[in-house]
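Colleague: Each chain, letter by letter, is given below.
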Amino acid sequence: MKFLQTLSVARRTIFLSLGFMLVLSAVRLITNADDITSSGTISSTMRVATPILLAGLAGLWAERVGIVNIGIEGMMIIGTWFGGYGAWKWGSWAGIALAIIAGSLVGLLHALATVRFNVNHVVSGIAINILAAGATEYLSIIFFKGQKGGGESQSPTGKGGYGEFDMPFLTGGRVGSWRSPDILGWIERKHDLPLLPDLAGFARGLLSDVYVPTLLAIALVPLTGYILWRTRFGLRLRSSGESPQAGESLGVPINRLRYQAMAVSGGLAGFAGAYLSCVFTSTYRQGQTGGQGYIGLATTIFGNWNPFGVLRGAILFGFPTALKFRDEKNVPALLLVVATVLVVVAIISFTRQKQILAMGLLFGSALSATTYFLVDEVPQEFVAATPYIVTILVLVGAQQQLRPPAHAGAPYRAGENH
Amino acid sequence: MSENSESHSGPLAVELHGISKSFPGVIANYAIELMVRPGTIHAIVGENGAGKSTLMKTLYGMHQPDDGTITVNGHAVQFKTPTEAIAAGIGMVHQHFMLADNLTIIENIILGAEPTDNRGRINFGVARERIEVLMASLGATFDPGTNVSELGVGQRQRVEILKVLYRGAKILILDEPTAVLVPQEVEELFETLKRLVLDGSTVIFISHKLDEVLTYCDEITVMRQGTTVAHTTPAQVDRRTLAQLMVGSDLPDPSGRETEVGEDIRLQVLGLNVASEIPGAKLALQDININVHSGEIVGIAGVEGNGQFELCEAILGLRPKLSGTISVGGNELSGSDTRTRREMGLSYIAFDRHREGLLLDSPLWENTFLGREENATLTAGPFMKNRSIEADSRVIIERFGVLTPSEQVPAFALSGGNQQKLVVGREMASNPKILLAAHPTRGVDVGAQSAIWDELRIARDRGLAVLLISADLEELIGLSDRILVMFDGHITAELDPNTATPEMLGTYMTGGEIVTSL
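So the protein lines, in turn, are chains A and E. Its first residue numbered 1, the first sequence is counted upward by one per residue in our numbering. Its first residue numbered 1, the second sequence is counted upward by one per residue in our numbering.
It is worth saying that the hints were derived from the structure and are not from the lab. Source: prediction; values computed, not measured. Where is the CB? At the ideal position from N, CA and C, for every residue including glycine. Keep in mind that the hints are not guaranteed to be accurate.
Stated by the list, open to error - Part of the chain A face toward chain E, derived, beta carbon under 10 Å:
id, residue
1, Ala-26
2, Ile-30
3, Asp-34
4, Tyr-226
5, Arg-230
6, Arg-232
7, Arg-236
8, Gly-251
9, Val-252
10, Arg-256
11, Arg-352
12, Pro-404
13, Pro-405
14, His-407
Stated by the list, open to error - Which bits of chain E does chain A cover? Going by a derived footprint, with three or more residues having C-beta under 8 Å, they are:
id, stretch
15, 128-141
16, 267-273
17, 353-365
With the sequences and hints as input, model every part of the structure.
Modeller: Here it is, written out as structure tokens:
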């Protein structure tokens, strides 16, 4: 494990993903559940993970500047509504743009409350969540009710047009009007080989049938890393989350930075909402977010306030859900995956002298494996719960290494801390 | 003011003339005169609350003076923000470090003055080179790429100084820089400062530790009660004179006793060690031994911040101790909580009546009831007997002469002196066996002072054991039966009040030794 800690976060993510692929490959060969590493599952995972990733990045931008943003859920709700409205009137891209603007404005509202009026961050965030739910319902009654396909709780169908993407040559994308060969698809179908088809499926999943907004969201991960860790703006922003007094004493405009970062955070959350209402589906529906804003915030923590960590967390949450969407019969195989992963985590815990945790994990692993061999059908609810169970376990194991921004959520007034 | 008008070439580095600054209800500075010659280490000494930090914040642009002029290098200036002060070549190292733990040393230093290309991307290579040059001139050896969280106190201070130098500061203000350092670190710090002065910088050094000031500084300005009272050099004064200048005037006589000190030990502190709140800093209390007999007042002299607060909190069980024992009437207190300790007869007049002593928004009767919730005459089971509590409150108000229309007014409506009388009254009302009295007469008028002293004397004659912590040396000498001096977390001396003088106390309190010729 020492080796892993010497790597950069980006490399560690790649390394861990490879290990995970190995586990999946083995499980696939044992269970014949070919779909668990198919390109379809992977691209489905990416779609499910995108809004969570965006919400996680929204949480990261807010907490890095020192503001706890429980209001991500509300900002997402606003995003779904404005996304739905824009998609209905002008098309998906307009919906996304409108949602980003609306989300930013709500983000600024949160900043106004927490920075200017020093309202407790959690209270302001919860107020925003409640406000967003009520406001969207009210707006729906005004704008959607009586329209064709629309109503109090949903928008008329959007015009679509967000665009999909296939990589030429590797996944059979088109070059002009000519359809290029699908090389990865060919490898993927060699199901008897170990690992190779899994990797091909993984790559193909990332490169074929991809929504362009998903690509945008993924591009935001390294972009966030670059802005926050390589630029002047980013350093000042992080200083605001670590020690605003230090920044202030050096002439850093803390309050302005907080407004800026909250505009970005709100915009990301709005994007996440619009993704649900005009990319993933083509209508706004009430309650569409289903708490994904909170899950996003959990990935912020899970990802140790690092964009690559957030990506990791979003995929972890997205994968089981995607499997369920694809085919119910894949789900039992998931039990075996969980069992294997738990064994790995248990070994890690054991080497870190956390015997009790390790024993617990092993017990969970045994339970999971036994269930796999005894049960033919796994209840759906189990799938829905898996990511949360895994998260709790991982958070318990990772707690010691988490390093939240020191000043996130703490009250701060300029000029009062000397 | 002892005039030091030797002729020198070139303008003064800093000249403050007639500066005054008041906050609502407090005059923090008035009629300040300060002249700092370039290329010197200039000490500003004074007790806590003398207005040193306020003055330096004025100079650094953190707030604006109400009156007076500031001249830097011969130019009249008016700083609206620290940024403007930095631009004029002034840098400040705050007493409480302003560092972001999770950022690297480089990031902390360049923050706000980052070397970037035209797209805002930070050029870390350039930054590191510049910082390494500055580090070499300070004699600092750490990897600027490490996180600040991994540094010790002395190194953090070095980073703070680097921050200031990185911005090109030629005039450095250090606000009580040695308060958190161990002796070796203090020596290292002054070596660093000497190097800087040789390179042409000017250092303004705020302190109340006379030893350091006399050993290392070139000139000294003394402040007392918000204004500058003297300007001198180490060659012209000795420790005694300086202490006298710092401590100041006299007060009415608190002395007199007819009864004898009791035989039994009410409060015993043995080998007490308490850690500092700042990780990595020296111990807040080290090997403290105190006995207080019944009917005895033991005075603790010391400049504030030398461990008195930690001592009280440790005795009350508000602060964990590392080792040692605290016993009341022979019972060891380990494991008992503050409530139990109070029930055993411990009472406490807190250091800061606003923060610890009172609920400012609550009426007086609630305040006099605080901490006495177990008193059977004031409560019935889980219920408060409001009538009795109010009557009890009126008794306290009358006995201690608290000036108030009734017991129903909120505590903030009272003047400071009356608030203090109320606190003292409450703590005496539970008939304590041991009283920890921290600055019992601070900020009260002369009449209230003698009233409080009278009450303390009466209670003492009835057998109350008092640990009296005070900055008022006359009060200590007059009331105490024995005086212990605390310095730097140690008890450094035990004095007989019959032979002690304020000058002697001042010397011990500031870390000096007195060579007695018997």
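Colleague: In ascending order, which of the hints set out earlier in this document are inconsistent with the structure?
Modeller: 1, 2, 3, 10, 11, 15, 16, 17
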